[in-house]
Amino acid sequence: MTFGIDIQNLTVRYPGVTAIDDLTLKLEGGKIYGLLGRNGSGKTTLLSLIAAYRKVTEGTILVDGRTPWENEELTQEIGLIRESSDLVIEGENVKGILRRSRRFRPRWDDEFAQRLIDLFELPLNRGVTKLSRGQRSALGITVGLASRAPLTMLDESYLGLDAPSRYAFYDVLLADYIENPRTIILSTHLIEEVSRLFEQVIIIDRGRLVAYDDTESLRMRGAAVVGPAAAVDDFTTGMTVLGEKRLGGTKSVTVYGDIDPDARSVAADWGLELSPVALQDLFVHLTKGDPA
Amino acid sequence: MFDDRSPIYHQIAEAIKNDILSGELGADEQVMSTNQYAAYYRINPATAAKGFQQLVDEGVLYKRRGIGMFVSSEARDMLLSQRRERFFADVVEPMVAEARVIGIPLDDVVARIQTLKGRESA
Amino acid sequence: MSSLTYRRARASFLDLSYGLSKALVLFVAIVAVIFLVIGLIVALFQDGGDGSESIWENSQYATRYFPLSMGIMITAAYLPVAVASGVTRRSFGWAGSAIVVAMAGVMAVLEAGGYLVEYGLYRAVDETPTFTTPHLFDHGYQFWLIVPEVWIVVAANVAGGWLIGSAYYRYGWLGPTLALPLLLLPLLAVEAIMSVGWAGAAMDDLGVERLPVGLAIAAAIAVLALTLAGIQRFIRTIDLRPQKA
Chain A
1 MTFGIDIQNL TVRYPGVTAI DDLTLKLEGG KIYGLLGRNG SGKTTLLSLI AAYRKVTEGT
61 ILVDGRTPWE NEELTQEIGL IRESSDLVIE GENVKGILRR SRRFRPRWDD EFAQRLIDLF
121 ELPLNRGVTK LSRGQRSALG ITVGLASRAP LTMLDESYLG LDAPSRYAFY DVLLADYIEN
181 PRTIILSTHL IEEVSRLFEQ VIIIDRGRLV AYDDTESLRM RGAAVVGPAA AVDDFTTGMT
241 VLGEKRLGGT KSVTVYGDID PDARSVAADW GLELSPVALQ DLFVHLTKGD PA
Chain B
1001 MFDDRSPIYH QIAEAIKNDI LSGELGADEQ VMSTNQYAAY YRINPATAAK GFQQLVDEGV
1061 LYKRRGIGMF VSSEARDMLL SQRRERFFAD VVEPMVAEAR VIGIPLDDVV ARIQTLKGRE
1121 SA
Chain C
2001 MSSLTYRRAR ASFLDLSYGL SKALVLFVAI VAVIFLVIGL IVALFQDGGD GSESIWENSQ
2061 YATRYFPLSM GIMITAAYLP VAVASGVTRR SFGWAGSAIV VAMAGVMAVL EAGGYLVEYG
2121 LYRAVDETPT FTTPHLFDHG YQFWLIVPEV WIVVAANVAG GWLIGSAYYR YGWLGPTLAL
2181 PLLLLPLLAV EAIMSVGWAG AAMDDLGVER LPVGLAIAAA IAVLALTLAG IQRFIRTIDL
2241 RPQKA
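Residue numbers (the working numbering), protein chains in the order written: chain A, 1 to 292; chain B, 1001 to 1122; chain C, 2001 to 2245.
Everything labelled a hint here was simulated from the structure, so no lab data went into it. All values derive from a computational prediction rather than experimental measurement. Among the hints, erroneous ones may be present.
Straight-line C-alpha distance at most 25 angstroms; calculated DSS-like pairs for lysine-lysine [stated by the list, open to error]:
hint	chain 1	residue 1	chain 2	residue 2
1	B	Lys1117	B	Lys1063
2	A	Lys288	A	Lys251
3	A	Lys55	A	Lys95
4	A	Lys26	B	Lys1017
5	A	Lys251	C	Lys2022
6	A	Lys95	C	Lys2022
7	A	Lys26	A	Lys55
8	B	Lys1017	B	Lys1063
9	A	Lys288	A	Lys245
All chains, full assembly: derive it from the sequences and hints.
As structure tokens, then:
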């Protein structure tokens, strides 16, 4: 079972700042989405609204065609892990947190949870406040994945995990997704590591949608044009320029948008080099500017 | 395994083509399922499926319903002739251009090729 | 209430009880031991005479304010984990109300039991415990009056704590601190109607007539029910707090 999401004209204002700015977005069910944005871009707010942690005040959010706020049938099937600290109560141990999830999550898989606990070497009897940052993240991932919610959202849930644990997380996420297809949204700003897991990527900046496309299409849409400054300037006139660098007479300009074959042959004639841009760089360019 | 130079699904297709050309994958041999492939290389299953679909469209692989995908019997010959067609454009012409740019006389290049040819036949 | 809401509220109630029970059991044990020890000391070092004042009566403050402090924690500690577990605020509200009633029930049984034991002990040495604060009952064996009194008053305290805790969670420290007298109003109202605690003593000093027991209980339950309904409505508007950085 998977849930699609339909967001229309969503706006959230905090005192002094617009966290989500007239966002409209439609996600099909059953895919792994990457939600990319800088700190403070509105990622967590957006996910919190989808999971009914917060009430929508302007615009609408529909999950599986229904409004999540105070809708028990729906909320029990929506999981959001925000850096895992919502899950814990001082004085509880890991076992207690798992007991609660078993109680409340209709699709909870105990055996899978135990496998994750073993994988991350989580101490079952340790108090949650004594866990390291990485262990807390691992606990959040364990709860998030073992709940098997048809809509599973993990917000920066790898923080504090070392590289081997992160890769173990990516592997187990992918394997479990293949076995139990569901809608998964991972928010991150460590893009390079995970971008290949995403079927589609959503980039938001200052609460606005900057890009939303298949990961591969998006990756191919950016290009770095390198060559003599004058030629580069001529070539990139009229294109969406994301950034430029200059070294002596050579200039490198990052453009965003499809470059058709004709343009490519022009570039070759002019002695310009066109090279792809890593998703991480594209992200940096698309979200550059003063932080919100 | 993969880099950022071209779409991943394109690179997946290329990798399987290389396996067929090198003989690692024989005619009518079953290839990994897209899910196995995705899990193994840590990529999204939809992306992997796109790469496999490209190969089916090109006639390199064929599907057997409910079983999986197999290398078609003419795949290797087809790929060989494609690569041969592209060889001069993709390999020789850029080599000649590069030799010009950095000032290596074409005679030297030809001489080197002759040497390599001699070594091979010896 | 739909069957799903009932099931989830029940699960949430069990979750809350599980979390609060450890502290509650510890509290009951400590109260019992402390008053046992005090009782022994008094019995050993005081010779008859005016030693007929109830010692156990002093436990009423502990059995009111400790549950009140637990009430303060209900929303702050448990609402986020409930919502993060996919429980609606509605179900959580029902669970919280059930906790208010259950926790007060435990205290009522504890208090009534204590009075009964004390009465027995005093009678064994030909004394009768006397009380220094206003109550619905006159004698320690009257558990049919003690249980409803303690139950309702403690429930009002837990509910009061829950209301205050929820307000702090929702509005931060400034507003609720200024509004504290207002937030305490439902609790004071119940104590006044029941003519117990500070409100009861103040009314006695002012010479206000007490309500008949039956009417007092009915009116207090009504105020309590209104308070819980109000908290439920309020809780349903609460957004989870943003993450701490």
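To see whether the hints hold, each was checked on the structure:
no., hint, result
1, B:Lys1117 <-> B:Lys1063, "violated (42 angstroms)"
2, A:Lys288 <-> A:Lys251, "holds (19 angstroms)"
3, A:Lys55 <-> A:Lys95, "violated (31 angstroms)"
4, A:Lys26 <-> B:Lys1017, "violated (36 angstroms)"
5, A:Lys251 <-> C:Lys2022, "violated (68 angstroms)"
6, A:Lys95 <-> C:Lys2022, "holds (16 angstroms)"
7, A:Lys26 <-> A:Lys55, "holds (19 angstroms)"
8, B:Lys1017 <-> B:Lys1063, "holds (16 angstroms)"
9, A:Lys288 <-> A:Lys245, "holds (14 angstroms)"
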